[in-house]
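Peer 1: Model the full structure from these sequences, guided by the hints.
For the sequence shown, position 119 matches number 119 in this note's numbering, and the numbering has no gaps at all.
Incorrect hints may appear among the rest.
Here are the in silico distance ranges between beta carbons for each label pair [unchecked claim]:
no. : residue 1 : residue 2 : range
1   : 33        : 120       : 20 to 26 angstroms
2   : 97        : 25        : 25 to 31 angstroms
3   : 15        : 80        : 23 to 29 angstroms
4   : 107       : 26        : 31 to 37 angstroms
5   : 103       : 18        : 31 to 37 angstroms
6   : 168       : 41        : 15 to 21 angstroms
7   : 108       : 171       : 33 to 39 angstroms
8   : 148       : 75        : 32 to 38 angstroms
9   : 107       : 75        : 32 to 38 angstroms
Rather than coming from a laboratory, the hints here were simulated on the basis of the structure. Yeah, the Cβ is synthetic: ideal placement off N, Cα and C, and Gly gets one too.
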Amino acid sequence: MSQPIEPLSRQFSARTAVKVVTDIVVFAGAAFLAAKTLGLVFIALYNLLGVEQRLSYALLYANWGKFYRTAELHTLLNLLVLAPLIETALFCIVIWKVCARLGLGIGAFIAISAVGFGVLHFRISIFSGLDALILGLLLAWIFARYVENHIVVAFGVAALTHSAYNALVCLV
Numbered sequence: 001m002s003q004p005i006e007p008l009s010r011q012f013s014a015r016t017a018v019k020v021v022t023d024i025v026v027f028a029g030a031a032f033l034a035a036k037t038l039g040l041v042f043i044a045l046y047n048l049l050g051v052e053q054r055l056s057y058a059l060l061y062a063n064w065g066k067f068y069r070t071a072e073l074h075t076l077l078n079l080l081v082l083a084p085l086i087e088t089a090l091f092c093i094v095i096w097k098v099c100a101r102l103g104l105g106i107g108a109f110i111a112i113s114a115v116g117f118g119v120l121h122f123r124i125s126i127f128s129g130l131d132a133l134i135l136g137l138l139l140a141w142i143f144a145r146y147v148e149n150h151i152v153v154a155f156g157v158a159a160l161t162h163s164a165y166n167a168l169v170c171l172v
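Peer 2: Next up, the structure:
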């Protein structure tokens, strides 16, 4: 799973930088759309099952987006900087190292990382947990994809994708 560490200058070029930025934008957008689509499906199933309290997408996400749009600067810094850095370090680097030490493969890493990331966010709400599960799958896959280049590059791409996703949630 791990390879000898080479200097970043040998592996990181302008073409790689453009690819990384493109991946961050595409993956953050894809995670956002997938998570919101899953939310719509969940609400539809919830309503079809005839549960007494009807849910609506607008009701579910209106207050969530409103909170983020009116959040104070320190809350935005937490969402856009601290949370992506800390959560990526924990759910990507730490779990990657543990999986490597135990001899587990990339599939196990992605599953463990995504489930852990989702469980962390289930304390907010079931919808946040489902969103986080999807984002966690994507972030773990991105990390595994880029770790061959260098662990710092993998960490940076995953953390920036997480930050871009959080920014989309704050704006929409």
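Peer 1: Taking the hints in turn, state whether each one holds.
Peer 2: Hints versus structure:
{"no.": "1", "hint": "33 to 120: 20 to 26 angstroms", "in the structure": "holds, 22 angstroms"}
{"no.": "2", "hint": "97 to 25: 25 to 31 angstroms", "in the structure": "holds, 28 angstroms"}
{"no.": "3", "hint": "15 to 80: 23 to 29 angstroms", "in the structure": "holds, 27 angstroms"}
{"no.": "4", "hint": "107 to 26: 31 to 37 angstroms", "in the structure": "violated, 22 angstroms"}
{"no.": "5", "hint": "103 to 18: 31 to 37 angstroms", "in the structure": "holds, 35 angstroms"}
{"no.": "6", "hint": "168 to 41: 15 to 21 angstroms", "in the structure": "holds, 19 angstroms"}
{"no.": "7", "hint": "108 to 171: 33 to 39 angstroms", "in the structure": "holds, 35 angstroms"}
{"no.": "8", "hint": "148 to 75: 32 to 38 angstroms", "in the structure": "holds, 36 angstroms"}
{"no.": "9", "hint": "107 to 75: 32 to 38 angstroms", "in the structure": "holds, 35 angstroms"}
Checked against the numbered hints given earlier, the structure breaks only hint 4 and satisfies all the rest.
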